[in-house]
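Sequence order for the protein chains is W and A.
So the first sequence is numbered by my numbering: it starts at 1 and just counts up by one.
So the second sequence is numbered by my numbering: it starts at 1001 and just counts up by one.
Treat the hints as calculated values from the structure; they're not laboratory data.
Check the hints yourself; a few may be wrong.
For lysine-lysine, the following BS3-like pairs were computed, each having C-alpha atoms within a straight-line distance of at most 30 Å [to be verified]:
#1 Lys67/W to Lys1264/A
#2 Lys67/W to Lys1100/A
#3 Lys1144/A to Lys177/W
#4 Lys1206/A to Lys66/W
#5 Lys265/W to Lys32/W
#6 Lys66/W to Lys1175/A
#7 Lys67/W to Lys1175/A
#8 Lys1008/A to Lys66/W
#9 Lys67/W to Lys1144/A
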Amino acid sequence: MLTGKLKKHIEKMVNLNPKIFDKDVEQVPIRKGYGEGLLMAGEASERVVALCADLTESTHTDLFAKKFPDRFIEVGVAEQNLASVASGMSAMGKIPFITSYAMFSPGRNWEQIRTTICYNNRPVKIAGSHAGVSVGPDGGTHQAIEDIAITRVIPRMVVISPCDAIEAKKATIAAAKTDSPTYIRLTREKTPVITTEETPFEIGKAQVFWQSEEESHVGIVATGALVYKALIAGKELEEEGIDVKVLNLATIKPLDEDALVSLAKETGAIVTVEEHQIHGGMGSAVAECLAKNDPVPMEFVGIDDKFGQSGKPEELLEHYGMGVESIKKAVRKVILRK
Amino acid sequence: MSGILSDKQIQNLELQANAVRISIIEMLVEAGSGHSAGPLGMADIFTALYFHILKHDPKNPDWSERDRVVLSNGHICPVLYATMAHAGYFPVEELETLRKFGSRLQGHPHRDFLPMLETSSGPLGSGLSQAVGMAIADIIDSGKSTTRRIYGLLSDGEQDCGQTWEAGMLAGKNKLNNLICFMDRNHIQIDGRTEDIMPLEPLKAKWEAWNWHVIDIDGHNFSEIIGAVEEAKKVSDKPIMIIAHTIPGKDVSFMENDYRWHGKPPSKEEAVIALQELGAIGEKIKI
């Protein structure tokens, strides 16, 4: 159950799922929200087309493909072609969504994305599913943990990492309405539904999802499904007398610098949380922002320069230091550095 | 008359192509870097496109009904720029800014600088995919009876690229008869002769195997170039690959068929000889 300031905040501002801390909280794969959003974007605009590289069902692109077969292009196992065909289609006025696993797109086809999409300034939307180690048993070859770094480094690219299926749906619909090349990061596993249909979403805006009763000592900036673990950490830390604020950073580029600087000024210490390499990821983006605006001690929760491996999603998150305990440990550590 | 073109038409196209070649030499020597062989070899095909084949309006480059030209091997852009300038897209004098800071004529084409380009290109192997995307989008909008044509211009060297094959398969699968490609079969690439670097033959059989209609032509014969496009427009259920056999460095004796001219410009002394061979009169040589 929600209490105090948090309850008020949730009800009045961001309308989060009231059952968020219940044991039976609803769990939905983030990629499913993408599929639903793509279908809705397709219904809203005939310019929206979808392309897939032999992973139509598992990326939930099949919802669009069944409804709009004439606007769906199956390119086969050919991610480089996937990106550049989409560029060509957008040159003729289309808004293409290209979907594969993140390891292959934007992994394998990075140069095609850079040159034919971003350098060309084409509004292609790249959906990379099955990101992170939480892909699980498929192992390290299929666990994209570098994708935030390689997309955010490209000029013009917008990078969005939704925290749940509902936010993924909203991000997809929002991306269809912009002229920017956009990367949308998706994950495979069912993860808790944090937001509701009423939670506001805007590309480029971060939102506070947790605020302790008392003045916060640390700001936690989280992205993707790990926002849930950050919220659990926030709640448990409050119980041991450490008050934190948790910011959901769904848009990694462009950064909501105002929200980050204001969080750093208020708390004086930041912990970033992402299912990605620490090098070059969301935490690095936050550090780049704070180093020039308001340097504060920071800790980074993420993968420390390693490849993934087979295992269950939860045990992999624990093994690579991205569980609730790791977040709490990072918070305690950063407090000592203030 | 010589087939579909009158002798006068052919003569005019040949004169125009020669003017494009002169501009290419002048641009390259002024730039001090760039590629010589490919642009000279493709001057006839670009001239045929911009002065006879294309449905386009140089004064209205955004015209939505225009045909699209996708240059995949961006390094031969001197021929693209020179032909576009001669066709009236921008002043011929601007050609001398090639590869210089602030120029619209980047070393490899970039739409940010010259928005009238259909695409930016340089890294090999991705142009056909973009042309395929345009052709698919065109058919979504206008159906198979579309009057727009997408022209893809490819090199033979980039037949090494896997992405070219990915795009070729998709175009064949989707029966993109609005897609007409020219492959510059000049047998050279940076490291040497194509068949030494990575044997490509039998190219015709390869493209036919992917459901393409393939036409072999002499890439310096205007009747064959234009005749091939006329034939291509009658194909109803396949994309078209015109394998244009060309001479790299065409019409400059010391550059012809020598792969070492793939990626370098002439020196001032070499440019004078080249321009004399192309019949440029003395006062036209500014160098």
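**Message:** Under the constraints set out in the numbered hints, which ones does this structure not fulfil?
**Reply:** Failing hints, ascending: 1, 2, 4, 5 and 8.
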